[in-house]
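Asker: With my numbering, letter number 107 in the sequence shown gets 107, and the count goes up by one each step, no holes.
Worth flagging that the hints you see were computed from the coordinates, not collected in a lab.
Please note that a few of the clues may not be correct.
Claimed, not checked - Listed next, the in silico PhoX-like pairs over lysine-lysine satisfying Cα-Cα at most 25 angstroms (straight line):
hint, residue 1, residue 2
1, 222, 274
2, 211, 222
3, 211, 187
4, 263, 274
Small disclaimer: the values here were computed from a predicted structure and weren't measured.
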Amino acid sequence: MNGPVDFVRRGLLRGAAAGAGIVGLNLALGGRVASARGIGSPALAQTRLKNVDAGVLNIAYYEAGPADGPAAVLLHGFPYDIEAYAEVAPILTAAGCRVIVPYLRGFGPTRFLNAGTLRSGEFAAFGADLLALLDALALPRAVLAGYDWGGKAASAVAALWPERCAGLVSGNGYAFADPAAALIPAKPESEIPLWWQFYFQTERGRAGYAKYRREFNRLFWKQWSPTWRFDDATFARTAASFDNPDHVDVSIHSFRHRFGAVKGDPAYAEIDRKLASLPAIPVRTVTLDGGDDGAHGPTDGSAQAAKFTGPRTHRVIPGAGHNLPQEAPRAFADAVLELVRAGGRAN
């Protein structure tokens, strides 16, 4: 056999037979692995990163696993980076997958190719970046997995270019909302947690985030993942990504664009228009909520069911907050492997 399931089976056996470490051995024996720390440093950025020109960006990315394995592209959110997948990636590579983890625009070593390009943070831009990456790496199809901004990028490709998506893992479910709804006020108790988004609409907010980006983002980590006991070293590994020269511009534009306070990049106008129509997602999908997510409370997924016209499974991960792959790597990796084994079948 040469399909995705065979790649997974061969990967597991190879990991066990070659002594590939605790993760590969336990997976081959059917055991459960809570952490991949047993096979080396969890810091992906400490490995040799790759770069590729893709669309308007030179994208820095981590890659591991067999070149002919089923591809899985893992996309981080705001304010995180590729370290979110430090424990997911080894699990997938031990199972025979080719794993690609890019830095999004405005994070880490990823850079814009042209100084004149709008530092847009609109969701259409993230989708276009991902499609350009797939093209640049000559990947006809891949399982796409992400959360927060990364989930929106993955969902955009799954909805608008489903032939490129062998399956979707999306944190917090359906990623898009009616832009008009962003201007409808909510009750005060619902508005208060969004104070920082309103703050970012002001020039004081831009200056504040530029000066205190580490302090803001550490606060977000704590508030959005209240049960995650990350240490200083874990935060520091990701905080370096916030020093990207375009980080503030991309971030502020993203939060202003969703409230209609700034215009988007005309280059993405057609993608933006299609996403605003709330397109259905026809590919096989696993949606995940963290049981302790302080940014988006968990749901049973039923309210979004109509937006998934392909097979879809929804799960709530107990004890996890917003940063799902870093807080619950085994559960996130299981969702990706479920789609790899399904081989992108529609049913």
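Asker: If you draw a straight line from the CA of residue 222 to the CA of residue 274, is it 25 angstroms or shorter?
Answerer: Since the Cα atoms of residue 222 and residue 274 sit roughly 34 angstroms apart, the hinted pair is violated (cutoff 25 angstroms).
Asker: Would you mind confirming whether the straight-line C-alpha gap from residue 211 to residue 187 stays at or under 25 angstroms?
Answerer: violated (31 angstroms)
Asker: Keeping to a limit of 25 angstroms between CA atoms, is the pair of residue 263 and residue 274 held or broken?
Answerer: Holds, because 16 angstroms separates the two Cα atoms, which is no more than 25 angstroms.
Asker: Does residue 222 sit within 25 angstroms of residue 211, going by the straight-line distance between their CA atoms?
Answerer: Holds, because 19 angstroms separates the two Cα atoms, which is no more than 25 angstroms.
Taken one by one, the earlier hints fail for this structure at numbers 1 and 3, listed in ascending order.
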